[in-house]
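Student: Read off the chains here:
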Amino acid sequence: MEETQAAARRVIFTRNGVWRGVRDGLPLWLGMLPFGLVIGVLADGKGLSFAETVLMSALVYAGAAQLVVLELWQDPVPIGAVIIAAFVVNIRMAPMGAALASWLDRLRGIRLWGTLWTMVDHSFALSIQEQRRGGRDAGYLLGIGAGLWVAWVVTTAIGYLGASAVRLPPGHPLYFAGVAAFISILVGLWRGPRADLLPWLVAAAVAVAAHRLGLPVPLPLLAGTIAGATLGAWFEMRRKATP
Amino acid sequence: MTVRWDVLVAILGMALATYACRAGGYALLRTFRPPPFVEAMLRHLPGALFAAYVAPPLVNGGLYAWAGAVAVVVVQILTRNMGLSIPAGVAVAWGVQALGAAW
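Going line by line, the protein sequences match chains A and B.
Counting from 1, one number per residue, gives the positions in the first sequence under the numbering used here.
Counting from 1001, one number per residue, gives the positions in the second sequence under the numbering used here.
What the hints contain is simulated information worked out from the structure, not anything from laboratory work.
It is possible that part of the hints are untrue.
[Said to hold, decoys possible] The calculated lysine to aspartate or glutamate pairs, modelled on DMTMM-like cross-linking and capped at a C-alpha distance of 20 Å, are: (1) LYS46(A) - GLU1039(B); (2) LYS46(A) - ASP24(A); (3) LYS46(A) - ASP75(A); (4) LYS240(A) - GLU1039(B).
[As the list claims (entries may be wrong)] With beta-carbon atoms standing in for the labels, derived distance ranges: (5) ILE110(A) - THR1079(B): 37 to 47 Å; (6) GLY192(A) - THR1079(B): 15 to 25 Å; (7) SER102(A) - VAL1059(B): 41 to 51 Å; (8) LEU197(A) - TRP1066(B): 11 to 21 Å; (9) GLY80(A) - VAL1059(B): 23 to 33 Å; (10) PRO169(A) - VAL1059(B): 15 to 25 Å; (11) MET237(A) - ALA1091(B): 34 to 44 Å; (12) GLY1083(B) - TRP190(A): 12 to 22 Å; (13) LEU1058(B) - ILE12(A): 24 to 34 Å.
[Unchecked claim] Example chain A residues on the side facing chain B (calculated, C-beta under 7 Å, incomplete): (14) ALA51; (15) VAL54; (16) MET56; (17) ALA62; (18) ALA86; (19) MET93; (20) ALA101; (21) ASP121; (22) VAL154; (23) ILE158; (24) ILE183; (25) LEU186; (26) LEU189; (27) ALA203; (28) HIS211; (29) THR225.
The model shown is predicted, which means the values in this text are computed figures rather than measured ones.
Just so you know, even glycine gets a beta-carbon here, dropped at the ideal spot from N, CA and C.
Take the sequences, apply the hints, and build the full model.
Tutor: What follows is the structure, encoded as structure tokens:
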């Protein structure tokens, strides 16, 4: 009896699990499409070459970070600012691997570090659900991440080629798609006025104020984010303290 | 098909910073548990980040940006589909800007 329980808990990593991940990730490709297209359009608008755009999507593979970085993009590239911005936007992924520890702790070498390389919001969310269903094939996490990586690189390439074909002038309303993408993400993140209203307003106000003061990128973003997240955390701790 | 050296350095730096978050977060957080306040901050980080990101372009963008933003929010709430809400926002922003130019 004890042996079967141990066997049920044992984490595996199979080709089958990887393919199941790829298949379960397919519906997400549609949701990724507009985001990837936007990245391609913005990259073209900022004067990146096709090779540079594809290289960035392939190596960085983080939509929100790429969107923020392209907004900061200038020629010559503010290298320090874009690296800091990528780090700040992606720090949200740091707790994900820890949350999936029951799978990842059983993996070694390239399976562990390679799977972590493909981890994105979607593959994390679906894998947590799979774990709660009792799933024990860690290949699932890799399958979703790797499948979405293909979709990501292809959609940014299509967006780039489309935008460079029609030659959008600067300030064209199509570039509003970058802001629109984040507003739609904010709608999904909203947990109600008690948790989010004030922290988000403060984040926005601090970012606008820092922008008006002429602080260089990415300081307005950084200052707003830290102010909002600190306030949100403070509210949360205070609510916990007073039952 | 060119890749400029400064762009390449920026992309490699972004890739490393991103991998540090993906893998470094796992490696660190399974050995050290951060204080509860830091954990709460990490939970609130995405919302604050994206709010700080959209605020300056909205404030500086004027009416067309606000009209587009309202369209995105409404369509996203109704459909929960980015594939519809982003084009809707762009279409409304585009329309309002075109009307403004016509006046």
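Student: Is the interface hint for HIS211(A) satisfied, with its Cβ closer than 7 Å to some Cβ of chain B?
Tutor: Holds: closest Cβ of chain B sits about 4 Å from HIS211(A), inside 7 Å.
Student: Do MET237(A) and ALA1091(B) keep their Cβ atoms within the hinted range of 34 to 44 Å?
Tutor: Since the Cβ atoms of MET237(A) and ALA1091(B) sit about 42 Å apart, the hinted range of 34 to 44 Å holds.
Student: Is the hinted range of 11 to 21 Å satisfied by the C-beta distance from LEU197(A) to TRP1066(B)?
Tutor: holds, 18 Å
Student: Quick one: are SER102(A) and VAL1059(B) within 41 to 51 Å, going by C-beta?
Tutor: Hint holds: Cβ distance 45 Å, inside 41 to 51 Å.
Student: Range hint 12 to 22 Å: satisfied by the CB atoms of GLY1083(B) and TRP190(A)?
Tutor: Given about 19 Å between the Cβ atoms, the range holds.
Student: Mind checking the alpha carbons of LYS46(A) and GLU1039(B) for me, to see if they're no more than 20 Å apart?
Tutor: violated, 36 Å
Student: Is the interface hint satisfied for ASP121(A)? The criterion is a beta-carbon contact with chain B at less than 7 Å.
Tutor: violated, 9 Å
Student: Just to be careful: measuring from the Cβ of ALA62(A) to every Cβ in chain B, is the smallest value less than 7 Å?
Tutor: holds, 5 Å
Student: If I claimed the Cβ atoms of ILE110(A) and THR1079(B) lie 37 to 47 Å apart, would that claim hold in this structure?
Tutor: holds, 40 Å
Student: Given the hint that LYS46(A) pairs with ASP24(A), does the C-alpha gap stay at or below 20 Å?
Tutor: Violated, at about 34 Å.
Student: For the hint on ILE158(A), just tell me whether its beta-carbon gets within less than 7 Å of chain B.
Tutor: Where the cut-off is 7 Å and the nearest Cβ of chain B is about 14 Å from ILE158(A), the hint is violated.
Student: Does 24 to 34 Å hold as the CB distance between LEU1058(B) and ILE12(A), or does it fail?
Tutor: violated, 48 Å
Taken one by one, the earlier hints fail for this structure at numbers 1, 2, 13, 15, 21, 22 and 23, listed in ascending order.
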